[in-house]
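Start from the sequences, fold in the hints, and give me the full structure.
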Amino acid sequence: MNLLVLASNTFTDVKPGLIIWTWITFIIVLFILRKFAWGPLLSAVEGREKNITNAIESAKRERAEAEKLLGEQKTAIASARQEAADAVRKTQADMEKFREELMSKARKEADSLKADAQRAINDERVKAIAELKGEAAKLSIAIAEKLLNERLDDAKHQALAQQFVQDLGKNQPPTA
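Here the numbering used here is used: the first residue of the sequence shown is 1, the next is one more, and so on.
Rather than coming from a laboratory, the hints here were simulated on the basis of the structure.
Owing to the predicted nature of the structure, the values given are computational and were not obtained by experimental measurement.
Among the hints, a few may not be true.
With a straight-line Cα cutoff of 20 Å, these simulated DMTMM-like cross-link-like pairs (lysine to aspartate or glutamate) come out [unchecked claim]:
#1 Lys133 - Asp116
#2 Lys108 - Glu96
#3 Lys60 - Glu49
#4 Lys105 - Asp116
#5 Lys133 - Glu109
#6 Lys74 - Glu62
#7 Lys138 - Asp167
#8 Lys90 - Glu100
#9 Lys114 - Glu124
#10 Lys50 - Glu67
#11 Lys50 - Glu62
#12 Lys146 - Glu135
#13 Lys170 - Asp116
#14 Lys97 - Glu57
#15 Lys35 - Glu46
#16 Lys74 - Asp86
#17 Lys156 - Asp167
#18 Lys60 - Glu72
#19 Lys170 - Glu124
#20 Lys105 - Asp94
#21 Lys97 - Glu109
#22 Lys146 - Glu124
#23 Lys127 - Glu109
#24 Lys68 - Glu57
#25 Lys90 - Glu101
#26 Lys133 - Asp123
#27 Lys156 - Glu145
Now the in silico label distances, taken between C-beta atoms and shown as ranges [unchecked claim]:
#28 Lys127 - Gln162: 23 to 33 Å
#29 Phe164 - Arg125: 22 to 32 Å
#30 Arg119 - Phe98: 30 to 40 Å
#31 Ala59 - Lys15: 53 to 63 Å
#32 Glu65 - Pro40: 46 to 56 Å
#33 Asn51 - Phe31: 24 to 34 Å
#34 Lys90 - Lys127: 24 to 34 Å
Here a beta-carbon is modelled for each residue, glycine too, at the ideal position from N, C-alpha and C.
Now the structure itself:
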């Protein structure tokens, strides 16, 4: 029978004394946990929550600051690009102006050289014409002198012309 007593004493048997002591123990443990463990746990959770909230706010502020700095950098880059483009345009305009000045100066020098060459050509032409006139005058005087010294008939006239042509060939300077 002893075995039957043990078998009948199981967990499924309701024992009011045990239930009361279980409830009293549960309430005492609950009170102790609430007094000593629940408060520190809640304050630790609240502290952690505040830290997370502060971290989120800090991240939002830092993100806003980063976006502001990014905007400033984009503006600075755009400004630098614009300044570089302006500098390139100014340099190109200066180079074009310098080129135009050089071309104008070269044209003036070429025109001056051309005018000097034209003057030199005209001077040489005037000198050549003056020399030709002088030679023509000398030849005319020589012919007139010969004609005055002699009275010419056709045969003498032919001989005098041939002699004049021969003398003309002798008196001419050699051409280069």
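**Item:** Hints breached by this structure
**Value:** 1, 5, 10, 13, 14, 19, 22, 23, 32, 34
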